[in-house]
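Since the structure of chain A is already known, use the hints to place chain B on it.
There are 2 protein chains.
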Amino acid sequence: MTKKKEIKLGVFLAGTGHHVASWRHPEAPADASMNLDYFKELAQTAERGKLDMLFLADSLSIDGKSHPNVLTRFEPFTLLSALAQVTAHIGLTATASTTYSEPFHIARQFASLDHLSNGRAGWNVVTSSIESTALNFSGEEHLEHRLRYQRAEEFVEVVKGLWDSWEEDAFIRDKESGEFFDKEKMHELNHKGTYFSVRGPLNVSRSPQGRPVIIQAGSSGDGKALAAKTAEVIFTAQNHMESAREFYQSIKEQAVSFGRDPEKIAIMPGIFPIIGDTEEEAKTKYEELQDLIIPSVGLNILQNYLGGIDLSSYPLDGPLPELDAEASNAVKSRFKLVQDMAKRDNMTIRELYKYVAGSRGHHIFVGTPEQLADKMEEWVENQACDGFNIMPPLLPEGLNLFVDKVIPILQDRGVFRKEYEGTTLRKHFGLEKPANRYAE
Amino acid sequence: MTKKKEIKLGVFLAGTGHHVASWRHPEAPADASMNLDYFKELAQTAERGKLDMLFLADSLSIDGKSHPNVLTRFEPFTLLSALAQVTAHIGLTATASTTYSEPFHIARQFASLDHLSNGRAGWNVVTSSIESTALNFSGEEHLEHRLRYQRAEEFVEVVKGLWDSWEEDAFIRDKESGEFFDKEKMHELNHKGTYFSVRGPLNVSRSPQGRPVIIQAGSSGDGKALAAKTAEVIFTAQNHMESAREFYQSIKEQAVSFGRDPEKIAIMPGIFPIIGDTEEEAKTKYEELQDLIIPSVGLNILQNYLGGIDLSSYPLDGPLPELDAEASNAVKSRFKLVQDMAKRDNMTIRELYKYVAGSRGHHIFVGTPEQLADKMEEWVENQACDGFNIMPPLLPEGLNLFVDKVIPILQDRGVFRKEYEGTTLRKHFGLEKPANRYAE
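So the sequence lines, in the order shown, correspond to chains A and B.
Under full-length UniProt numbering, the first residue of the first sequence carries the number 1, and numbering increases by one thereafter.
Under full-length UniProt numbering, the first residue of the second sequence carries the number 1, and numbering increases by one thereafter.
Chain A extracted, bound-state conformation (with noise of 0.2 Å):
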């Protein structure tokens, strides 16, 4: 019998939960998404969970129709070395965008994060996808979605090269002959690209992962191809295992065209479990999250999901127009798999809504921690996903649920770790230390 393939696990940790409406629960701590004490339980609970990592989105803008639990939040690098602090062996990693940052800036800031968790941090590379972001930024205009992604390809490359500044043994501290570091081993990177020009050395040590480990979210022809070449970690949005299979296939291929291994590259889809203890049970809860959605407020997401199209002038409980992707400066991905639905369920504007407001168009799961434990397994053994990026609807207690209820069974099954084998990121992810470019 050969051994059954483990599953990845993240949780992606957000305010009082994935769920548009979940603040307006009873239980809910409404003011979760600025309160740091709450956000160390749900570390040290996903830790107690053994998970690989908690994942923090981000944006830099606020634009009036923001879900209430990414309207003010702590910005990631701050929030995730406090955390590291309470915790010791799960991955601590942060979206940070490569449209309005300096790759100097955003390299040293993952790299001193590594270092103070002692090898956990990692990067969720993305392009800012809101227009009006470039106004808080001296911008006068919005990067175009292709220009966007040449920017960060180029900007992963100079951060690589950045962390490479210098070698694991480049410091000597010889304090007999005053000798500090060995001057062969620090490295000008000396950078002259399109967007970039950047001499290097970084001022940070060579991280304890020599890199952090580079997450990707792109699902866009640009955004596949750049996971493909750069990620290690991907996260998209699958709802049918059918699709989910393709996109997998085709990002594994894409990887080794661009002469990568395969099998390091972790491919998880975000879920949004409703877990009860019966099926009925789980049903009653999400019931109640989605009759918590306000539907004006539901209608402006489903609208800033598509880019900002006006849906205004049509029937909330008739379908959705026909809509051009081109038009937009929207997640192309996003946009089509909204349409894609639409089309396929016959779906509302008024269902389309509950449906991307509630889990902002990721697969959403109702039933028992068993059937999860079920599906789950059944993804990983097909080849659609490697593992889950966990998107709890409520938090803390789906969190909790899932740690409690659903991982005993993944372990009980095998499939899941009982204890960390290790204490970095890449060391969860069977991903090797990479070698420095410079080192013989």
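To be clear, the hints were calculated from the coordinates, so they are not data collected in a lab.
Be aware that one or more of the hints could be misleading.
[Claimed, not checked] Derived BS3-like pairs: lysine-lysine, alpha-carbon spacing no greater than 30 Å straight-line:
| id | chain 1 | residue 1 | chain 2 | residue 2 |
| --- | --- | --- | --- | --- |
| 1 | A | Lys285 | B | Lys160 |
| 2 | B | Lys40 | A | Lys185 |
| 3 | A | Lys40 | B | Lys160 |
| 4 | A | Lys229 | A | Lys5 |
| 5 | A | Lys40 | B | Lys50 |
| 6 | B | Lys405 | A | Lys427 |
| 7 | B | Lys405 | A | Lys175 |
| 8 | B | Lys175 | A | Lys283 |
| 9 | B | Lys40 | A | Lys175 |
| 10 | A | Lys40 | B | Lys427 |
| 11 | B | Lys433 | A | Lys50 |
| 12 | B | Lys183 | A | Lys405 |
| 13 | A | Lys40 | B | Lys224 |
| 14 | A | Lys3 | B | Lys427 |
| 15 | A | Lys40 | B | Lys405 |
| 16 | A | Lys160 | B | Lys40 |
| 17 | A | Lys5 | A | Lys343 |
For clarity, every value in this text was computed on a predicted model and none was experimentally measured.
Here is chain B on its own, set in the frame of chain A:
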């Protein structure tokens, strides 16, 4: 009898200490600059001493001649967020440059740190004076001194504006009505200036201090004006009480001319104390450290300090030649300080590099705890300063000695707190929480 004025005290943490050769000392942990456990211990020692704050410098480049302590180090926001978790009272202040960052990022990171530390964050506003930094940020040319300060002034205005994005009571979080926040209490800044255009609002709620404390260290004409206009704490290099008194008076007068209360500005010169149980012991300790300076390293530091001026053609044991301050892009106040010192005390290049390399131009004190307490009291009584930023030549030893031997004397004399009266940095400095500009 009038109550004696309380002395303000910070500790400037830097690797193995502020003496350039401190890392070579037998007791120095040579890997200090990137050792988190070590920084935790320092922070906890400083808090045991009831100090107002700890302070971190920063840089955004390495130029090959950098002091070993600052060659590689933690990024300040990440380090302070970690230290916030192992301390509860001491202020946590970091240097962040206005030259190569964006106000939105800096506003956000300090606001987040202020939340994560329950109101202990302070920002040392600087401009980047090292030309090579531009090379790490796709910049062709380094911004000229005056323009850097213009940019800095606008930068600070934008950051303060962003910190007012949300009024204190903006978040209603009424689960019943579904109203999460009061739209009237969220404010767009809509700043459009010479260097920046920033819409806002910031995506962090108003922080516990309302605004993190603003620190300034510029001592040139431009720097002093910016400090008098915006700073709540001022760091400065002052070697003689008379010139310190002049500086003090000039800043406080300028502050008044800007309509500010001079009592709400704490002027804190750096002091570099070598403490021994006897004067003899202190002198021996100092000589031990000075003897560890390697001549080529010392000369490089002096040259750097003077803005990269080449002194290699002059005899080490001869006088400093006449130099043109205007031709250098160095920090002007430092330039003048070295020139004045060279003339007044007839110092040779070797003596100058030993002085500068050791203490980097800050006030060197060599003596007993009693003598140090006397000097501190004398300066504060004579309105030469409001307190000091302690720059221990050797760490952790210098901080331990200060906390264990000097603090108790100051406490006995009634010029330093025995317990913290509050938990925010503003409270330590007797500064009010500023009102939000939009609040009625």
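Tested hints:
{"no.": "1", "hint": "A/Lys285 x B/Lys160", "result": "violated (44 Å)"}
{"no.": "2", "hint": "B/Lys40 x A/Lys185", "result": "holds (29 Å)"}
{"no.": "3", "hint": "A/Lys40 x B/Lys160", "result": "holds (29 Å)"}
{"no.": "4", "hint": "A/Lys229 x A/Lys5", "result": "holds (24 Å)"}
{"no.": "5", "hint": "A/Lys40 x B/Lys50", "result": "holds (27 Å)"}
{"no.": "6", "hint": "B/Lys405 x A/Lys427", "result": "violated (47 Å)"}
{"no.": "7", "hint": "B/Lys405 x A/Lys175", "result": "holds (29 Å)"}
{"no.": "8", "hint": "B/Lys175 x A/Lys283", "result": "holds (22 Å)"}
{"no.": "9", "hint": "B/Lys40 x A/Lys175", "result": "holds (24 Å)"}
{"no.": "10", "hint": "A/Lys40 x B/Lys427", "result": "holds (27 Å)"}
{"no.": "11", "hint": "B/Lys433 x A/Lys50", "result": "violated (42 Å)"}
{"no.": "12", "hint": "B/Lys183 x A/Lys405", "result": "violated (41 Å)"}
{"no.": "13", "hint": "A/Lys40 x B/Lys224", "result": "violated (42 Å)"}
{"no.": "14", "hint": "A/Lys3 x B/Lys427", "result": "violated (60 Å)"}
{"no.": "15", "hint": "A/Lys40 x B/Lys405", "result": "violated (37 Å)"}
{"no.": "16", "hint": "A/Lys160 x B/Lys40", "result": "holds (29 Å)"}
{"no.": "17", "hint": "A/Lys5 x A/Lys343", "result": "violated (35 Å)"}
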